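Chains as they are written, first to last, in this note's numbering: chain A, 1 to 281; chain B, 1 to 444.
Calculated from the structure, these hints are not laboratory results. Just so you know, these numbers come straight off a predicted model, no measurement behind them.
Derived SDA-like pairs: lysine to any residue, alpha-carbon spacing no greater than 20 Å straight-line:
no., chain 1, residue 1, chain 2, residue 2
1, A, K160, B, R300
2, A, K160, B, T428
3, A, K151, A, N196
4, A, K160, B, D433
5, A, K132, B, R300
6, A, K132, B, D433
A few chain B positions that, by computed beta-carbon distances, are all more than 10 Å from chain A:
no., residue
7, D51
8, G62
9, G232
Even for Gly, the Cβ is constructed at its ideal location relative to N, Cα and C.
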Amino acid sequence: MSAASPLLTVEHLTIRFGGLVAIDDLSFSARSREITALIGPNGAGKTTVFNCITGFYSPEVGRIALRREDGREFFLERMDGFRIARDAGVVRTFQNIRLFPGMSVAENLMVAQHVALMRASFFSVAGFLRLKSYLDAERQAVERARYWLDKTGLLADADKLAGSLPYGAQRRLEIARAMCANPALLCLDEPAAGLNPRESNALNALLTDIRDEHGIGILLIEHDMSVVMQISDRVVVLEQGRSIAQGTPVEVRANPEVIRAYLGVEDEAAVASVIGQGSAH
Amino acid sequence: MKADMPATNRSRPSMSAMLRDAAAAAFVAALLAFPLLGFKLNATAQGLHLDMRLSWVPIAAGIVFAGRLLLTLGGQYVAPIIARRVAPDVDAIRRRLPSRSAYMVGIAMAAVAIALPWLPFADRNLIDKATLILIYVMLGWGLNIVVGLAGLLDLGYVAFYAVGAYSYALLSQHFGLSFWICLPLAGLLAGAFGVALGFPVLRLRGDYLAIVTLGFGEIVREVIINWDKVTGGPNGLSGIERPSFFGLPMLPTSMAPPGSTTFADFFGIAFSPNQRIWFLYYLILALALATNLFTQRIRRLPLGRAWEALREDEIACRSLGINPTLVKLSAFAIGASFAGFAGSFFATRQGFISPESFTFIESAIILAIVVLGGMGSQIGIVLAALLLVGLPEWFRELEQFRMLAFGAAMVLIMLWRPQGLLSHREPTLRLSDVPRKLVSESAT
Ligand SMILES: Nc1ncnc2c1ncn2[C@@H]1O[C@H](COP(=O)(O)OP(=O)(O)O)[C@@H](O)[C@H]1O
Ligand SMILES: [Mg+2]
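Let's have the full structure, built from the sequences with the hints guiding it.
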């Protein structure tokens, strides 16, 4: 449908920390209704790319353009972090989960809908007077929260403190919270880290569902090769801040440079067996 | 505190180490006691006399020595037993006060407060003290927005209280505006000061924020002291207009401005000075309850939820499209305007204000009320205000030991309940209470 122009276009992105070139002339793109995986060994610069896209770091060189389906275009490298989420619709999760631990699960999802609710409450005035327009918006927000709690299997935990949930549930809640913020591009930083195989499978189902049913783009940092191979449409391989390969999972898997750099093995047969078992870490 | 001393893996100090420790404490106590207790100022007909009272110094040192020793011994043999019994079980604490009963307690407290002046033992003195406590309850509820909800540690809150008080005094003296017009203006002005403080400290958090706000409080006080022409400097402002009952002055007919009807005349009752005391009491009660209702409601609105989210994790807020600048400034401004309201009440109650009333200790007491109350618990703040403001008022006879007792009480409470008196946080939404929509429609 929107296959013509990509949702996110990163061009010549470069960022240094002191002497260290963390990202070196990186270009790639991500589309709506696709899962784009960003893979690479630890310290390759994956999280740094996310931090540039979501406004936490400002790159020295490069352009990050986001074109929404309604035609609006944003240049993220020049925007404040909160505007990137609010206006451009790029919402992320964090490698080390960042919830609002002292608030309930449902409240976490209500906070995610702050922008819409704030407008509906007319900067709290309509909310204070409990006007019908606000109450309707609030009820809709609660429905939306309930929908995503249902999707992520957290409905029974809605009134628990977010910080009291087990690890896997916290990861899912962070995704539900990001989805409540109504993103055009969802950026997930290692969502499968620390999950058991059952949870990991459920996560795959959730992500493909988000891609297929909600028509948004997903940018996914992932360590688990089996996940990448199963659900991603495109893969970008990073090594020491540089992109060494891009393409479909099948193409990337066959790329000898990827095999050497990412898996640290020369023998292609050994790699194939590793990938086949889906136990690479 | 408790986390620092797990009962099991702590090596036991030897007796001599404990004695040495107690001796050191006694030495420090003696050093402190020498200037504090060693002299006594006596007023006689010939003027002031400084009498030596050196015998008090060893007594104080002795008490501290024994106390310290007992504490260490107690910590060694008693604390593990207590710790086993009352290990802080966060969930149990949260369960202890279910929402319905918190609500009922709140209603009951408000009912007692409303009925207070009619109770048989309520004399003028009691109402006066209750008024003072209510001022601090209101200030605590106001500061709670900034500290308890938004998580911004503000040590200069009294500055906004001062702005409110001086706004009312100056507006009523120079422009002849009545209390009811000055009240919102004072709130607005204090809110504007809140924004003025908020801007430079947007990037700061925690300790750094506390230091800057502390400085801000002192700057405001210094300006008041030095800007004699406007503020009257250290002498303050006197003759501030007393409150009127919606335009009816609460004065005896003889003292009322000519041509005006007094409150007593209007209602055809005899004048009594108690009427004003009662009126002031109900006025601050209404202001404080309004503050509370405001907080209760805004917590359930997106702005209030954003405050709490900001306290929990600012970076996560940003990643969800929340503008942290606006959220912080609004917390500062709204918290400050409640201090402004309380300040103008203070000015009209006293009829006289000076920089003396707005020193750092006031900020510290208000913050102590919020922290002791349990950071965010509205009822906890009332209890803490009763404890920290009420008790010292009733123990005025203790004179200089009052502050000592105050400090000791604080330390004891923080040892007993590091999370504050009531640490219950009422969720702003229970999904199980919201009925599902009947019409099923896609939530996206
Ligand atoms: N704020 C920072 N300051 C200095 N170095 C950083 C910073 N952020 C990331 N780096 C460095 O950039 C490199 C890439 O890190 P990161 O993006 O976290 O890797 P990945 O997520 O791929 O494991 C690492 O060498 C890391 O130390
Ligand atoms: Mg990373």
